[in-house]
Amino acid sequence: MMKRETISTRQGIYIMSMFIIGSSVIIGVGGKAKNDVWLAIIIAILSSLVVSYIYSQILNSFPGIDFIDILKKLFGRFLGRIIGVVFVWFSFHLGSLVIRDFGEFIKTVGLPNTPNSIIMAFAAILATISVRSGIEMIGRACEVFFWLLISILFITVPFLLPKMEINNLRPFLYDGIKPVISGSFSLFSFPFAETVVFLFVLPYINKKEYYKVYSSAILISGSILIITSLRNIMVIGADTLSRNYFASYTVVSRIKVGDFFQRIESFVAIAFSFYAFAKINVCLYATSIGISKIFGFDDYRFLVTPVGLLMLNYSIISYENIMQLFDWAAKIWPYYALPFEVIIPFIIFIYIKVTKK
Amino acid sequence: MVKTIKLTLLSFIILLLTSCWNYKEIDKIAPAAGVSFDYDEKKNSYILTVEIVNLKNTSTGTELLPEYFTSEGKTILDAIRNMISVSGRKIYWSHAKVVFISEKIAKRGIIDVLDFIERDTEVRTDMKIVLVKGKKASEIFNTSNKLEKIVSYHVDEMLENSIYLSKYPKIELWDLINQIQFDISTAILPVAYIVEDNDRKIINISGSAIFKEAKMIAFLNDADTKNLLFLRNKVYGGILPLNNVLGTESSVSFEIYKSKTKVKPILIDNKILFKINLSVDVALKEVSGQIDFIEEKKLESLKNYAQEKIKNDILNTFYYVRDTYNLDVFGFSKLVKINYPQFWKNNIDRWESLFSNSELDIDIKLNIIGTSTTNKIIKVGK
Chain A
1 MMKRETISTR
11 QGIYIMSMFI
21 IGSSVIIGVG
31 GKAKNDVWLA
41 IIIAILSSLV
51 VSYIYSQILN
61 SFPGIDFIDI
71 LKKLFGRFLG
81 RIIGVVFVWF
91 SFHLGSLVIR
101 DFGEFIKTVG
111 LPNTPNSIIM
121 AFAAILATIS
131 VRSGIEMIGR
141 ACEVFFWLLI
151 SILFITVPFL
161 LPKMEINNLR
171 PFLYDGIKPV
181 ISGSFSLFSF
191 PFAETVVFLF
201 VLPYINKKEY
211 YKVYSSAILI
221 SGSILIITSL
231 RNIMVIGADT
241 LSRNYFASYT
251 VVSRIKVGDF
261 FQRIESFVAI
271 AFSFYAFAKI
281 NVCLYATSIG
291 ISKIFGFDDY
301 RFLVTPVGLL
311 MLNYSIISYE
321 NIMQLFDWAA
331 KIWPYYALPF
341 EVIIPFIIFI
351 YIKVTKK
Chain B
1 MVKTIKLTLL
11 SFIILLLTSC
21 WNYKEIDKIA
31 PAAGVSFDYD
41 EKKNSYILTV
51 EIVNLKNTST
61 GTELLPEYFT
71 SEGKTILDAI
81 RNMISVSGRK
91 IYWSHAKVVF
101 ISEKIAKRGI
111 IDVLDFIERD
121 TEVRTDMKIV
131 LVKGKKASEI
141 FNTSNKLEKI
151 VSYHVDEMLE
161 NSIYLSKYPK
171 IELWDLINQI
181 QFDISTAILP
191 VAYIVEDNDR
201 KIINISGSAI
211 FKEAKMIAFL
221 NDADTKNLLF
231 LRNKVYGGIL
241 PLNNVLGTES
251 SVSFEIYKSK
261 TKVKPILIDN
271 KILFKINLSV
281 DVALKEVSGQ
291 IDFIEEKKLE
301 SLKNYAQEKI
311 KNDILNTFYY
321 VRDTYNLDVF
331 GFSKLVKINY
341 PQFWKNNIDR
351 WESLFSNSEL
361 DIDIKLNIIG
371 TSTTNKIIKV
381 GK
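Residue numbers (this note's numbering), protein chains in the order written: chain A, 1 to 357; chain B, 1 to 382.
Treat the hints with care, since some could be wrong.
As the list claims (entries may be wrong) - Here are a few chain A residues that face chain B, going by a calculated C-beta distance under 10 Å:
#, residue
1, N167
2, S253
3, V257
In case anyone wonders, no lab produced these hints; they're calculated from the structure. Bear in mind the structure is a predicted one, so any value in this text is a computation, not a measurement. Using N, Cα and C, we set each Cβ at its ideal position, and we do this for glycine too.
I would like the entire structure built from these sequences, with the hints used as guidance.
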C-alpha cells in the first residue's frame, strides 16, 4: 500500500467552492425565478446544508475510509459494489457534462471555427495530467486559483456599479412563490447537491471535519452566486438574462470605462477555465478512485487516462448541439440527478442510523 | 539529454501551435465602423451598407479612411455574407459603433434587425441605434464633414455628446431591447436628418422616433424630446432658454448641470396619478437686455417664472403624447408594475384606457447654483 495522500480542510473548502461555483457562474442559474433568483439561491443553500449533513454523516460512520469501502462494509461486498457503480456513473456523467459546457462556451464566445472536440480534448488532457499527479496537487492548485478568481469577481462588480439599476429587482415575488421554489429546486440539483461527488474525495482530508468542509464551501460559494446573480440582474435585467446562454459573459462585456478599459470579458472566460478545471478534476478523480476501489486495485492512477478519454468521448457523443445540451440540463437534469443526490444517500443514511443502534 | 529533447519539443509546441484555429492577420480583416439597414419591398430583401475603416499610411502618419460596400440578401446574415462578393474580405463586427435603421424598416418592425445583431457574438450590445429619416438609411454615408471622415464615428460623437444638449436620446442596443421586451412595449430612438448645407450634405440629429410594439408610429420634435427625457430622468445637461422673461424684452439662458427626476405613481380610485419630483441644478449663463436679474428679488421671480415655464412645457408634452398616441414612452408603466404588482397583474389588459386617463403632477425645484464668471449684466452706456 502506498502512502495515503491527504489535503487540508482548507484546501477541501477551496476545491469544493470552486466546484460549486463551477459552471453555474457562467451559465445562468435558477432562470425560472427571474428577478427573485437571490431568494431561490438562499432556499437552495439552506436545503443543501441539510442534504450535505447526510453526506457527512455517511462519511462519519467510518471516518477516513473510502466511500466505496464504506458501502462494502455496510451492504456487503456485492451490493456495496452495485451502489458504488451508481455513484461512479454519476460523477462520470457530471464530468463529461462539464467538459461539454466548457467546450460550448469557448466555441460560442471565443473560437467559433475551432472544432469543439479540440477544446474539450485539451480540457480533458489537462485534467488527466493533474489527477494523475494526485489530490494533493489539485488541492494546492485550487488554493492559488481560488483567490485569483475571487479577485476577478470583485474587480467586475465595482466597474458595473454605474450600470446597475436597482429597479430591475422589483417587483418582488411578482409571479408568486412558485417559480422561486422551482428555481431553487434546479439550483439545488445544479450545482449545490452535485457535491455528492465529494463523498469520494473527502476521505482524503487530514482532519475528519466533513461537515465543516461542506457547510463552509456551500456558504462561500452560495454567497458568491448571490453576488453574481444580483449583479447580472441589476445590470441587464431578468428578461434579457433568461435569453442568454452565458449570462456573466454578456454582463461583463458591458464594462466600459472611457475608451481604454473595456472588453474585459475574457477575464470571465479565464475564470471559467479555472472553475471548469476544478470541477472536471474532481469528477475525474472521483470516477477513477471509485472504479479502482470497486475492483479492489491498490492505485487509481493507471485508470485516469482511460477514464479521462472515455469522459471526453461521452461528452462529444451525448449531445448534438448547444440547444439540446441546455434544454436537457434545464429540464431533465434536476430529476435525473435527484436519485443520486438525495434518494440513495438518504437511504444509506437511514440504513446507517438503523443498523448502528 | 531527455530533458533537452523535451524542452525542444515543448518550445516547438509553443511556437507552432499559437492560439486560434481560424487565424486571421490584422491587415486581412475589414473592421466595420457602422452599418445601415434598408429594405426593398419589391424584391423582399434587405440591403445593407457597411462602412469599413481602412488604414492608410500617409506621409503624416496613419489615416483612417472610410470605404463603403453595399449588398443584398434574403435575410440579414445572407446580406452580410454576400458582402464578401463585393468587399473581398469578411467583415469584422466587434468595433462597429452605430447601426442606422431606415424609416421603412422602422415602420415594418425592427425585431429582425435587433435579433441578428444581438445574437451574433462579434457584435457588441453597446452599439448605438439611430433611425434615419428619409428614403434610404444608406444615404447617411453620402454626407461629409471635415472633422471626422468616418461617418459612423461622427455620429457616435454626436450621440456621446448629447449629454450637453439633451435634445435627442442616446439609445444602446441592450437598452432598446429591454424597452421592447417590457409588458407594455414602447421604445424611443434618436432620429438623424440629412440636410443640405451649401453644396454638401450633413447629418443633423434631432428629436426622436417613438415605437409601439417594435414598430415606429411617430416622430417627436426636439422640444418634446427634451421634455420626454426629463420625464425619463435622462437629462444630463443642456440649455434652458427663456425669451421675453416676465413680459420684458430680456432673454436669459440657464445651463443645466444636474437633473434628477423621481416619478411616483399613485392610484386614486382606479385612476393613476404620476407624481413627478423634478430637481434641476442650473447656472445663469446668459442675460440679454437691460434688467439685472442677478439681484436677489428679481432672481427669485425669474426662478419662479422659469419653474412655471418648464413645468408647463413638460405637461404639454405629456398630454400631447398621451392624447395623440396614447403611448407610454416615458417608462411609467414599469413603475406602476413595480409599485403596484397586484394591480398591474389585474389591469394589464386595460392599460391603454388607464393611461389615457392618467394625470401628471409636477413638483419642480430649480436650484440656481451660480451665474458663471460675472455678477452683473453689461450695461449699455447712455
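Minimum beta-carbon distance criterion (10 Å), V257 (chain A) to chain B = Where the cut-off is 10 Å and the nearest Cβ of chain B is about 12 Å from V257 (chain A), the hint is violated.
When the nearest CB of chain B is found for N167 (chain A), is that gap smaller than 10 Å?
-> 6 Å, holds
Does S253 (chain A) meet its interface restraint, that is, does its C-beta lie within less than 10 Å of any C-beta in chain B?
-> With a closest approach of 7 Å, the S253 (chain A) hint holds.
Hint compliance for this structure: hint 3 is the single one not met.
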